[in-house]
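Q: For the sequence shown, the working numbering begins at 3 and goes up steadily by one.
If you're looking for bench data, these hints aren't it; they were derived computationally from the structure. A couple of the hints might just be wrong.
Think about it this way: if two alpha-carbon atoms lie no more than 35 Å apart in a straight line, the pair counts; the simulated DSBU-like pairs of lysine-lysine are [to be verified]:
1) K114 x K95
2) K64 x K95
3) K56 x K114
4) K64 x K114
5) K102 x K114
6) K95 x K56
7) K56 x K102
8) K102 x K53
9) K114 x K53
10) K102 x K64
Restraint ranges, calculated between C-beta atoms of paired labels, are given here [unchecked claim]:
11) S74 x S46: 58 to 64 Å
12) R49 x F98: 22 to 28 Å
13) E38 x N123: 18 to 24 Å
14) T41 x D71: 53 to 59 Å
15) A27 x S78: 23 to 29 Å
16) F52 x P87: 21 to 27 Å
17) S122 x I5: 21 to 27 Å
Note that the Cβ used here is the ideal one computed from N, Cα and C, for glycine as well.
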Amino acid sequence: MAISGAYFDVLLVGPGAVLAGDFLAVSGLDMEADYEVYTEGGSSYPRFFFKNVKPQHLVLEKGVVTTIDSVSLLMSMVNLGMSIPLAGTIILKDSFGTPKRTWTIVGAYLQKYVGPQLNSNQASVAVSRIELIHNGCF
């Protein structure tokens, strides 16, 4: 079911840093697990043994970040070779601001920041794309 005028309210918090904003598109809210397949002799079906969970890429697109200083801090830390783990929520809201669905993100690290294409003849959003790698969502 499509929700008219919907947006995603994002709040990710780490030690000394906050990534907060509203985005029109969010992807990467999935999880993928690896299994080792073992076929026993005399058995007509394989057995599956859990190996690990693959990290996913959380992509926030077409939005406005409300904590500019914290995003600058996150980018500066990455430039210095340090990273801050972030955890928080992504809330799908309708055009009235009523929450419709919530996801909890853990172990997120800034991977990529893409600023807007600046053009004086067009209105553009403050952020085009932020990519984070994360350890899972619930």
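Q: Could you work out which earlier hints the structure fails to respect and list their numbers in ascending sequence?
A: 12, 13 and 17
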